[in-house]
Amino acid sequence: MAQPKNFGYDDDAAALKSQAEKFFNDRLPVDQLHALVAHDSTPDRAPVVDWKPEIWAEMVELGWSILTVPEDKGGLGLPLVAVAGLIEAQGKSACPSPLLETLNVGLVLSHCDQADAGFEAILEGKSAALAFADQDGSYEPSSTQVAEMGGKLNGTAYFVQEAGKVDALLVAAKSAEGIAWYWVDKVGAGVGIKQDAIIDLTRDQATVTFTDAEAVCLGSDACKAFNAAQPAILALLAADVVGSGEWLLHTTVEYVSVRKQFDRPLGFFQGVKHPLVNVMLAIDETKSLAYNAACAYDCGEPNTQKAGHVAKASAAETADFSASRAVQMHGGIGFTWECYVHLYFKRQMHSKALYGDAVWHRAKLADIVFGPVAA
Amino acid sequence: MAQPKNFGYDDDAAALKSQAEKFFNDRLPVDQLHALVAHDSTPDRAPVVDWKPEIWAEMVELGWSILTVPEDKGGLGLPLVAVAGLIEAQGKSACPSPLLETLNVGLVLSHCDQADAGFEAILEGKSAALAFADQDGSYEPSSTQVAEMGGKLNGTAYFVQEAGKVDALLVAAKSAEGIAWYWVDKVGAGVGIKQDAIIDLTRDQATVTFTDAEAVCLGSDACKAFNAAQPAILALLAADVVGSGEWLLHTTVEYVSVRKQFDRPLGFFQGVKHPLVNVMLAIDETKSLAYNAACAYDCGEPNTQKAGHVAKASAAETADFSASRAVQMHGGIGFTWECYVHLYFKRQMHSKALYGDAVWHRAKLADIVFGPVAA
Amino acid sequence: MSDAARVDTPEQAAFREHCRSWLAANHPGEPPVRLPQSAIEIMNSDQMDFLQAWQKSAYDAGLVGCDYPKFCGGGGHTDFQRIANEEMIRAKTPILPNVIGLGMAAPTILNHASDELKAELLPRLLSGEDIWCQGFSEPGAGSDLASVQTFAEPTEDGKWVINGHKVWTSLAHFASWMIILVRTDKSHKYDGLSYFVVPIKSALGKGVTVRPLIKMTGELGFNEVLFDNLVIDDRMRLDELGKGWQVAMTTLLFERGAGNLDTPRAGGMTSKASFTTSVGAVVKLAKETMRGGKPVSDDPVMRDKIMQELVKEEGFIHTSRRARVPALTDHPMRIPLQGKLQVSEMHQRTANLAMEVGGAKGSLYLGDEAALEGGQWTLGYMNSFGFTIAAGTSEVQRNILGERVLGLPKSK
Amino acid sequence: MSDAARVDTPEQAAFREHCRSWLAANHPGEPPVRLPQSAIEIMNSDQMDFLQAWQKSAYDAGLVGCDYPKFCGGGGHTDFQRIANEEMIRAKTPILPNVIGLGMAAPTILNHASDELKAELLPRLLSGEDIWCQGFSEPGAGSDLASVQTFAEPTEDGKWVINGHKVWTSLAHFASWMIILVRTDKSHKYDGLSYFVVPIKSALGKGVTVRPLIKMTGELGFNEVLFDNLVIDDRMRLDELGKGWQVAMTTLLFERGAGNLDTPRAGGMTSKASFTTSVGAVVKLAKETMRGGKPVSDDPVMRDKIMQELVKEEGFIHTSRRARVPALTDHPMRIPLQGKLQVSEMHQRTANLAMEVGGAKGSLYLGDEAALEGGQWTLGYMNSFGFTIAAGTSEVQRNILGERVLGLPKSK
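Residue numbers (my numbering), protein chains in the order written: chain U, 1 to 375; chain E, 1 to 375; chain S, 1 to 412; chain G, 1 to 412.
Treat the hints with caution; some may be incorrect.
Stated by the list, open to error - Mimicking DSSO-like on lysine-lysine, the simulated pairs with C-alpha atoms at most 30 Å apart in a straight line are: (1) S:Lys-159 - S:Lys-189; (2) S:Lys-186 - E:Lys-194; (3) E:Lys-306 - G:Lys-189; (4) U:Lys-5 - S:Lys-201; (5) E:Lys-306 - G:Lys-287; (6) U:Lys-152 - U:Lys-174; (7) S:Lys-186 - E:Lys-260; (8) U:Lys-260 - E:Lys-260; (9) U:Lys-306 - U:Lys-260; (10) G:Lys-410 - S:Lys-189; (11) E:Lys-306 - G:Lys-92; (12) S:Lys-189 - E:Lys-260; (13) U:Lys-260 - U:Lys-73; (14) U:Lys-194 - G:Lys-410; (15) G:Lys-294 - U:Lys-260.
Claimed, not checked - FRET-style restraints, in silico, Cβ to Cβ: (16) S:Val-33 - E:Asp-10: 33 to 43 Å; (17) S:Glu-240 - U:Asn-278: 34 to 44 Å; (18) E:Asp-10 - G:Asn-163: 50 to 60 Å; (19) U:Pro-70 - G:Asn-44: 53 to 63 Å; (20) S:Asp-330 - U:Pro-372: 54 to 64 Å; (21) U:Ala-374 - S:Asp-330: 54 to 64 Å; (22) S:Glu-17 - U:Gly-300: 20 to 30 Å.
In short, the hints are calculated from the structure, not lab data.
Backbone N, C-alpha and C define an ideal beta-carbon position, used for all residues, glycine too.
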């Protein structure tokens, strides 16, 4: 299906986004977010999972966690562009939740051949996360270091997002028949969670070890399902980066409009103004590419893979740039723990390499545009 | 020999540079340069070789053309850092001459095993140019498209610098014994010069075809001799870029200090000031690296190859950046044929890829630093 | 069926079909002369004659000015020009030569002139029979446009006498008419300006002198225009007296790509029929250009660099598309005001990258048979500075975005 | 024999030999506590005690303050500090904790204080027994330093009473002394300032309050310092009354790396003994970091990115070297004024690049066993913003270079 001119972003989508913005503003304004996640500044403290499960329960109640469950499996039938708007709002609030990962799991399951049990769990309100990256951070199921035999998993999955918050894991594991997706109850026997110490205070990440953990196969071809879902996953992550980027931009614009040096507001100086305009342009680029990728996915366009890589390649650069300029333009105050900027700075730095960094996505893109390099 | 702290840049070197600056200012100030090389603006005109042989005759008289002839072969024994100063001055003046190429030939001959005839020609006041690049612009003797048999050359050399001005060519050609350097009289039989249409109005370039052209072998291992001379060639070219870059910087600084918009000199605005500072920093980087490479060459340091690649990698970026910002910061006037800026803009654009561009030199550098990529 | 065609109304679909069949039958084909990359580089009358003939035929077929009212010589339709543009670009037609007229003069006239003047001027503007130019910049008034000094003095019989010096006037050497911003009151900077339409060709040698300026590329393109006691009727004034700045803002809005009316646009074809400054063209170049025995497109570093530009280009395309979806935009001018800055810098980077793909061939120029695409990339790189400078430099564009969209304090 | 050693005078050669043998015998070895990347991140007394002991022993051995006069507690030599620095860096010793004292207070005191004050203050400064801090910035005076409002009022008995609020005061929680810029005249901006040395530790709770600020890294490092009627002798004033700005310029010159006296410098060792923010360290990281079954150092795109930084780093090294060759420099301040800007931005880019080499590991932090070099790169990237902001932001540095070196008009 060709892409509609308006990205398929209709009134329902706009309504969902406003609702989400209002919800996050109301439930976790940034001062409360800071109190929640930044209560302990010790740099080498043990990792903790700071979040408000009651906010998540409300999000589930609002139906947000099932938005990537296909309509014929009990989902709501909203297009991915609408979901991107929701995630953009969450990125703007930096609210800690397992929403994005649960939506990612729904996306992967949508391309699995025996996913019903997974959809049922999500429809029941369960949250879940993908577990498939290897020790070096390759986000490709083919490099998973988990193996399945006789319905049990053994091995380790790395860089598992929101593992501290979710109820279940969708694990890529190698079996005799190939690499498949398996559903594992996080609190079941044989599942060991070691929280990673990450800079991002608004998310959590863990190394998950499986020791004869019970697992149910939901998709027999993990790579195929992941590849099909990947553009959608990348579109949503790019939307998150846009939301956080907008917060950084607007907070910085406010600051430099008020803060005076040399008898002028800082924003008078082009050395401040022009970089902020460049940040705005970068955010706009990523935003357009995020919604384009979501729309391409909705439409089943042949260029959907390309659109996904383009979106995350852009998002990785925008994450870095928006974060770096916000701290720099805030000057000394932006460098303090008490200023909220660092929460978003760190979130952006975490998003930068998540699900692949800019160089990796551009290499994938080049393989599509040029074909692989001749050996 | 370890590098001296002062780059070996002594009073003689400084005197040579001042002399050269004075000479070029006197013989070819920029308005006369413009009259000389920019008399015909037709964009698709046939290429011409605009220069003043009488200025070149004076340069020969001053001994500049023999500066890379080794002292024991009749040269003056000045270190390469001193020569770099001379070339920086020529770059600043953009004076058309075969000086740099003749010096390059001297450098290559210095690493040849039977070069005496070449040195004699240079000592007699002959100018010369290297002819070895292939059709795709690979500046490596190993890819030469000229072949030797029985003392005669056949084939074509591409991207030959200053071919329209020089008396002789030092040609890399493949023979039964390998690739060697051959001396060819430019006006001899069997040498066809087709001037290339290049943007740079201050230099010339040609495609040179050999048809049974008489040639004398001066160096039996062309690759070895070129590799040994390459860091010096790159150091000198980087010095040329520095000289042209300084001209662009200072001319632009003068312009933006005078030109007013919004009741302020343009240079008041940080959107103008900061880019010009960045140009200055880029020039300083290249300048330091050019003299470092020259000094490393003078001292026979083991890291001389690395220093050469670093210098040209930097010079290529500086050439581009200094050119681009000069036109942009001049605004409309900098975009006209009558403004002298375009002469230097085009010279820098030509220098950018000459003897290898930034990506190529960084790849060579990576091979030194990391070792080649495992196959 | 193309993507674009899917959302056409039945009327639009029929019009698109008309465009296609007309273009298939009437495309002027390979030109007999070397054509420039854009209209403002037209150097000689051979080029201009060819392109004017093409604009006239496209106008006669209803492909130019479709959304203008019928009494102005337009088609009287809504949202047809976009379709005509899409089809002309798709068909790789030549460019339309009257770019200043179509892009700036026409919308300004439509918004500010009397109906009488509209009916008098617009038909021959749309058809390309009258070429237009723009007299805004002056030696002392570039980015700071409001400091124009060209003066219009009222005469006793209700006319105006114009004296002054305009520069960077693209197409003036071909133009019949000029839109001009002049000062009528020296005591107010912004409130002392007026805006006229001036017949210049008929006044050549009688109060108007046009002197061509040569660009750094060697091409012609813009001019100096000197006014020496040129007398002009008051009916040629578009502003309420002293409100010329407001009228000029309409022109600039359209010049910066932020107007609400589609500018007729055609082309993509130049003397090398396939040449366009796009990342796709760089991709093609990289595949065709050999270095060290391998295509440049096999070099991972160059692949990465080209993909960086592809991301930028895709971003720009989809941002332009997003401009039409209010629910996905923030400040209403945030996207429209980006256009000129983004396009001009994108073309600059893209052309530079193409030169890098070419390596040593990057500095070969027009007329060299080994030059990249006949030297078009090198020419295009140099010309790109015209676009990052003209109509408000990139620096001024960033000020405008920072001040009008982000609400930052003014830098001046 | 090293490169550096070749040009030593016989006296310098003997001193270098002394440094080497002393360092070989007296290197404090692997520290018992986690050490920060630079002195201004010292968080607790365990760290400070260890580093103060190290500075004291290096001072006693003649490696710190060698070029200061003997009556100031120095060694009375010329160009020995550079040699001691080279050898301490080579030996990967710990850092010297009294960085503000050595880098800023000491040269200012040497240039502006009475001999009596020099003899009183400098020995314990050089030995590190007294830690110093700098009271310049205020909530309303950051980059615009001359707008400080902390006020010193003269008393009838010839003393001064200080009231005000200083911020970003590194090491204040450990410091015995502060160099401070205060206002003594509200009617002149630049000519109404004075410059004092103030004993703050002895005044804690008696006119001085130090409140730690926490950095975005979670580390301590700087503080707010509040003055409430602190009385201070006039002999602690370094300026001719009202010329405090000129004294502050001496401090800033040294802070920006443009002073004429080598600041004692040691280290390269941190808790991970091998860690330094250098391109060489990124090269090593790229060789050791695997991605997709291959080392990152085999990825041509990452090789290119790392080589870009190598070129910058080499450029900086040889530009610093060139600063000492008048014949190869242009404006005398052109190179010296670049130092702070270049180093801080270079470290920022280098640390960021290291995080990119690490990929998903880039956001792992201190305390995670899989983090890159124990999280030091990630910590270093965040801390790099301290350096691009403090002592004049990069933006202000560019103004200074543009105005003082290129002679462009002032931007304010």
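Against the structure, the hints come out as follows:
1. S:Lys-159 - S:Lys-189: The hint holds at about 22 Å.
2. S:Lys-186 - E:Lys-194: violated (59 Å)
3. E:Lys-306 - G:Lys-189: violated (51 Å)
4. U:Lys-5 - S:Lys-201: Not satisfied, since the Cα-Cα distance of roughly 44 Å exceeds 30 Å.
5. E:Lys-306 - G:Lys-287: It holds: about 19 Å lies between the C-alpha atoms, which stays within 30 Å.
6. U:Lys-152 - U:Lys-174: holds (11 Å)
7. S:Lys-186 - E:Lys-260: Within the cut-off at roughly 19 Å; holds.
8. U:Lys-260 - E:Lys-260: Status holds; Cα separation ~26 Å.
9. U:Lys-306 - U:Lys-260: violated (45 Å)
10. G:Lys-410 - S:Lys-189: holds (25 Å)
11. E:Lys-306 - G:Lys-92: Holds, because 26 Å separates the two Cα atoms, which is no more than 30 Å.
12. S:Lys-189 - E:Lys-260: holds (16 Å)
13. U:Lys-260 - U:Lys-73: violated (57 Å)
14. U:Lys-194 - G:Lys-410: The given pair, whose Cα atoms are some 56 Å apart, is violated under the 30 Å limit.
15. G:Lys-294 - U:Lys-260: violated (51 Å)
16. S:Val-33 - E:Asp-10: 33 to 43 Å: For S:Val-33 and E:Asp-10 the Cβ distance comes to about 60 Å; the hint is violated.
17. S:Glu-240 - U:Asn-278: 34 to 44 Å: The hint (34 to 44 Å, Cβ to Cβ) holds, given that S:Glu-240 and U:Asn-278 are roughly 38 Å apart.
18. E:Asp-10 - G:Asn-163: 50 to 60 Å: holds (57 Å)
19. U:Pro-70 - G:Asn-44: 53 to 63 Å: At roughly 56 Å between Cβ atoms, G:Asn-44 and U:Pro-70 fall inside 53 to 63 Å, so the hint holds.
20. S:Asp-330 - U:Pro-372: 54 to 64 Å: Taking Cβ atoms as reference, S:Asp-330 and U:Pro-372 lie about 39 Å apart, which means the hint is violated.
21. U:Ala-374 - S:Asp-330: 54 to 64 Å: violated (45 Å)
22. S:Glu-17 - U:Gly-300: 20 to 30 Å: holds (27 Å)
In this structure, the hints that do not hold are numbers 2, 3, 4, 9, 13, 14, 15, 16, 20, 21, in rising order.
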